[in-house]
Structure formats: structure tokens, C-alpha cells
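Model the full assembly from the supplied sequences, consistent with the hints where possible.
One-letter residues, chain by chain:
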Amino acid sequence: MDTHIRIISRQVEKEDLPRLENTGAIVEFSGTVRHEENDQNILGLEYQAYENMAIRQIKKIVSDLSDEFPCQRVDVIHRIGRVLVGETSIYVRVLAKHRFEAFNMCMGFMDRLKQDVPIWKIGSF
Amino acid sequence: MDTHIRIISRQVEKEDLPRLENTGAIVEFSGTVRHEENDQNILGLEYQAYENMAIRQIKKIVSDLSDEFPCQRVDVIHRIGRVLVGETSIYVRVLAKHRFEAFNMCMGFMDRLKQDVPIWKIGSF
Amino acid sequence: MRIQLLTFATARDYFGFAEKEVSFNDGESSKVLFAKCKAGFKPEELGWRVALDGEYIEWNEMLDKKANGKDLAVIPPVSGG
Amino acid sequence: MRIQLLTFATARDYFGFAEKEVSFNDGESSKVLFAKCKAGFKPEELGWRVALDGEYIEWNEMLDKKANGKDLAVIPPVSGG
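Protein chains in written order, with the numbering used here: chain R, 1 to 125; chain L, 1 to 125; chain D, 1 to 81; chain X, 1 to 81.
Don't take every hint at face value.
As the list claims (entries may be wrong) - Here are the computed lysine-lysine pairs in the DSS-like style, where the Cα-Cα straight-line distance is at most 30 Å: (1) Lys-20/D <-> Lys-60/L; (2) Lys-97/L <-> Lys-114/R; (3) Lys-36/X <-> Lys-121/R; (4) Lys-121/R <-> Lys-38/X; (5) Lys-20/X <-> Lys-121/R; (6) Lys-114/R <-> Lys-38/X; (7) Lys-66/D <-> Lys-31/D; (8) Lys-97/L <-> Lys-121/R; (9) Lys-60/R <-> Lys-31/X; (10) Lys-97/L <-> Lys-59/R; (11) Lys-59/R <-> Lys-70/X; (12) Lys-60/R <-> Lys-114/R; (13) Lys-121/L <-> Lys-38/D; (14) Lys-20/D <-> Lys-70/D; (15) Lys-42/D <-> Lys-114/L; (16) Lys-114/R <-> Lys-14/L; (17) Lys-20/X <-> Lys-59/R; (18) Lys-59/L <-> Lys-121/L; (19) Lys-66/D <-> Lys-42/D; (20) Lys-31/D <-> Lys-59/L; (21) Lys-42/D <-> Lys-70/D; (22) Lys-60/L <-> Lys-70/D; (23) Lys-114/R <-> Lys-70/X; (24) Lys-60/L <-> Lys-97/R; (25) Lys-20/D <-> Lys-59/L; (26) Lys-60/R <-> Lys-65/X.
Keep in mind that the hints were calculated from the coordinates and are not lab data.
Please read these numbers as outputs of a predicted model, since none were measured by experiment.
Now the structure itself:
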């Protein structure tokens with residue numbers, strides 16, 4: 001499986017996909033910054049990452065999940081630094097032959113990201 | 001909730017979203033045509049819809065699911081006519097405050113679409 | 001009273017028409033109306049459903065004046081997505 | 001032997017450094033090394049974890065020569081996404 005991971009401090013731009021032949025399902029998840037954080041109105045959030053480890057853990061999670069949910073390609077982009085309300089802080093795209101695997105990879109990935117991947121909201125502004 | 005449904009015979013182009021303020025999760029599903037159908041190599045599939053009823057059933061499914069999984073906006077675009085390998089035959093986008101609702105709306109919608117929405121693959125070429 | 005019969009996908013080949021206006025009497029069922037177009041029609045065996053005005057109904061449900069002027073569609077197993 | 005201590009998020013404020021090279025002896029634990037930087041450090045109470053070279057390990061695990069020259073990072077509860 002093809003895994004593309006990026007941790008970036010600019011706006012998320014997803015990579016173009018090559019011509020698809022054997023892909024039947026593409027599931028995309030975008031996590032976007034909401035205007036409220038802990039009942040306070042905010043303009044944005046600031047993220048910090050332990051980048052080397054984050055990339056390693058993301059690879060591990062995708063690899064673990066692909067035993068149960070084999071997929072063709074997974075893209076993960078996480079922003080760090082300041083992210084404004086309405087902007088995407090995380091983007092995940094999963095390609096698979098069928099939707100069951102694609103949905104479960106994408107959902108399972110997000111659950112584990114929020115447990116194990118060393119990225120933090122370090123404040124709001 | 002805002003529901004945008006289109007049944008079209010040209011390529012899928014998703015609508016631009018307005019500025020997001022209170023959306024935390026966007027889940028998108030694209031169903032794409034694979035080069036194999038019943039172990040035969042194909043160039044594409046042809047779809048037919050009972051359009052009025054399809055739109056009605058899609059609205060009903062979204063409305064049913066939103067009791068359990070409240071979301072902010074759902075877009076559904078289904079192509080009819082000829083769809084080439086690699087092209088998107090169905091596109092679903094769900095916006096919600098949190099990912100749990102968005103994922104479950106999107107997955108649940110696809111399950112029910114495949115049971116109840118009067119759209120058919122009527123052949124391959 | 002009049003009703004518009006609609007067919008789709010494999011049902012269109014089976015019946016040989018896409019749409020056809022027919023007359024019906026109060027209390028007649030969808031099954032009876034479609035069987036008049038094709039003798040021996042057994043929708044349950046084929047797994048086909050029927051929809052009145054865009055909503056699924058039962059094949060044996062009796063039609064009444066509320067169905068007058070509406071669409072009655074035979075729905076073979078769907079395969080969208 | 002030498003090891004690079006790294007801190008992130010709330011742990012960075014707590015320890016007052018982002019990175020710091022320290023020496024360690026064979027058999028010392030991560031907990032001991034970080035407690036040398038901040039007396040009374042109780043990572044389990046805070047729910048903080050520790051990672052050697054990008055992989056989670058236990059706080060009481062004894063470090064050996066394989067840790068020499070590596071990064072040892074304290075990982076407060078993550079909140080990405």
C-alpha cells in the first residue's frame with residue numbers, strides 16, 4: 001500500500017491522484033477548526049508536532065489497520081502552527097477497492113490518531 | 001439540515017462550500033467505476049434512475065439518519081448514463097460538528113442507497 | 001381512474017414498455033395491474049418492488065382514488081452507487 | 001552515554017526546555033532521567049507517556065546502549081486532528 005504523509009505549516013492542498021483503474025471507493029476526511037473551543041470564541045488554533053515520531057506513528061497505524069482493512073493508498077496531511085477557523089487541520093484520503101475497507105480505515109485511523117500520534121493543540125487565538 | 005441532491009449525466013463537480021464556522025468534520029465518499037465488472041474488463045458502466053423517486057428516497061434516507069446522526073449539510077450527486085472507468089458515479093459529502101456523526105451519516109447513507117434508491121447499473125461497455 | 005405504469009432496468013425489457021397509462025378500478029392491486037400487461041407476473045419471486053408516487057407500497061395493497069393520475073413504478077433490485 | 005531529552009506542548013512549559021542533552025548510565029529509566037530535570041516528576045499521574053526514538057516505551061523500562069545518541073521524548077496527552 002501506498003502511504004503519503006505530510007506535516008505542513010501551510011494550507012492543505014491534496015495531491016492529484018493518478019488515473020484510477022481498480023479503485024472503487026475514495027473516502028476523505030477533513031477536520032476543520034470550529035469557531036468555539038471550550039465555549040470560547042476563537043479565531044484559530046495552534047498546533048505542534050513531534051514530527052519524526054508523528055510520521056512514524058501514522059505509518060504504524062495505517063499498517064496495523066491495513067491487516068484488517070486492506071486499502072490501496074492512504075494520504076494523511078496534518079497542519080502545524082496556526083490554523084484559522086474554517087481551515088482544515090487534518091486531511092485523510094483512503095482509496096480501496098470497496099467502501100467498507102475505505103470507511104473503516106479512515107475512521108479507525110482518526111480514532112488512533114487522537115490517541116497515539118504526537119500532535120497537540122497548544123493554544124487558541 | 002441542508003440537503004443538496006443532484007442526478008446528472010455529466011461529470012461530477014462538487015459545489016463550493018460557504019465559509020465554515022461551526023463545522024468540525026467533512027466526510028466525502030466517491031464511488032468510482034472499476035475496470036472489472038463480473039470478472040469482465042470494461043470501459044465503463046451505464047446507469048439509469050427513476051429520478052423523482054430517487055431524489056425523494058435520498059431525502060428520506062438523509063432525514064431518517066439525521067435523527068441518530070445530526071449533521072449540518074449533506075450533498076449527494078449520482079451520475080446516470082455512461083460513466084467511464086476511473087470516473088465517479090456517486091459522490092456524497094457530509095458536514096457535521098464532529099466526525100462520528102459525519103462518518104455514520106455517510107456510511108449509513110451508502111448502505112441504504114444500495115437497498116432503496118431506484119438507480120440501476122443497466123449494463124457495461 | 002387512470003394510472004401511469006413505469007418500468008426501469010430489467011423490468012423494462014420484461015414488460016416491453018417504459019411507461020404506459022392504464023385504467024384501474026377502486027380496490028385493484030399493483031400486482032393485478034402489472035399482471036394484465038404480462039401474464040404470469042410474479043414480482044415476489046423476482047424480488048421486485050413497487051412504488052406509488054415515489055414511495056414503496058405492497059404489491060397486494062388495494063389502490064383507491066388517491067392513486068388516480070399518479071405514477072406506479074416497478075422497481076427491480078437497485079444497484080446504484 | 002548521551003541521550004537527547006525532548007519535550008512538547010504542556011510538558012515544554014513544565015520542564016522549561018524544548019530539548020536538552022543529558023548523560024545516562026546503563027539501566028537508568030526514562031522516569032529517572034526526566035525527574036533529574038524536575039524534582040517530584042510523576043508522569044503516570046499526569047497521564048504523560050514517553051517515547052524512545054519515536055516509539056512508545058514504559059517509564060520504568062531500563063535504558064541501555066541501544067538508547068545512546070537517541071531522542072527520548074515526553075509525550076503529554078495528544079490532541080491532534
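Here's how the hints hold up against the structure:
1. Lys-20/D <-> Lys-60/L: Distance ~27 Å between Lys-20/D and Lys-60/L Cα, so the pair holds.
2. Lys-97/L <-> Lys-114/R: 16 Å, holds
3. Lys-36/X <-> Lys-121/R: Holds. Lys-36/X to Lys-121/R sits at ~27 Å (cutoff 30 Å).
4. Lys-121/R <-> Lys-38/X: 24 Å, holds
5. Lys-20/X <-> Lys-121/R: 23 Å, holds
6. Lys-114/R <-> Lys-38/X: 28 Å, holds
7. Lys-66/D <-> Lys-31/D: 17 Å, holds
8. Lys-97/L <-> Lys-121/R: 18 Å, holds
9. Lys-60/R <-> Lys-31/X: 25 Å, holds
10. Lys-97/L <-> Lys-59/R: 27 Å, holds
11. Lys-59/R <-> Lys-70/X: 20 Å, holds
12. Lys-60/R <-> Lys-114/R: 14 Å, holds
13. Lys-121/L <-> Lys-38/D: 24 Å, holds
14. Lys-20/D <-> Lys-70/D: Satisfied, since the Cα-Cα distance of roughly 12 Å is no more than 30 Å.
15. Lys-42/D <-> Lys-114/L: 23 Å, holds
16. Lys-114/R <-> Lys-14/L: Satisfied, since the Cα-Cα distance of roughly 29 Å is no more than 30 Å.
17. Lys-20/X <-> Lys-59/R: Distance ~27 Å between Lys-20/X and Lys-59/R Cα, so the pair holds.
18. Lys-59/L <-> Lys-121/L: Roughly 21 Å separates the two Cα atoms, so the pair holds.
19. Lys-66/D <-> Lys-42/D: 25 Å, holds
20. Lys-31/D <-> Lys-59/L: Holds, at about 27 Å.
21. Lys-42/D <-> Lys-70/D: 23 Å, holds
22. Lys-60/L <-> Lys-70/D: Within the cut-off at roughly 20 Å; holds.
23. Lys-114/R <-> Lys-70/X: 25 Å, holds
24. Lys-60/L <-> Lys-97/R: 28 Å, holds
25. Lys-20/D <-> Lys-59/L: 27 Å, holds
26. Lys-60/R <-> Lys-65/X: 25 Å, holds
No hint from the list above goes unmet by this structure.
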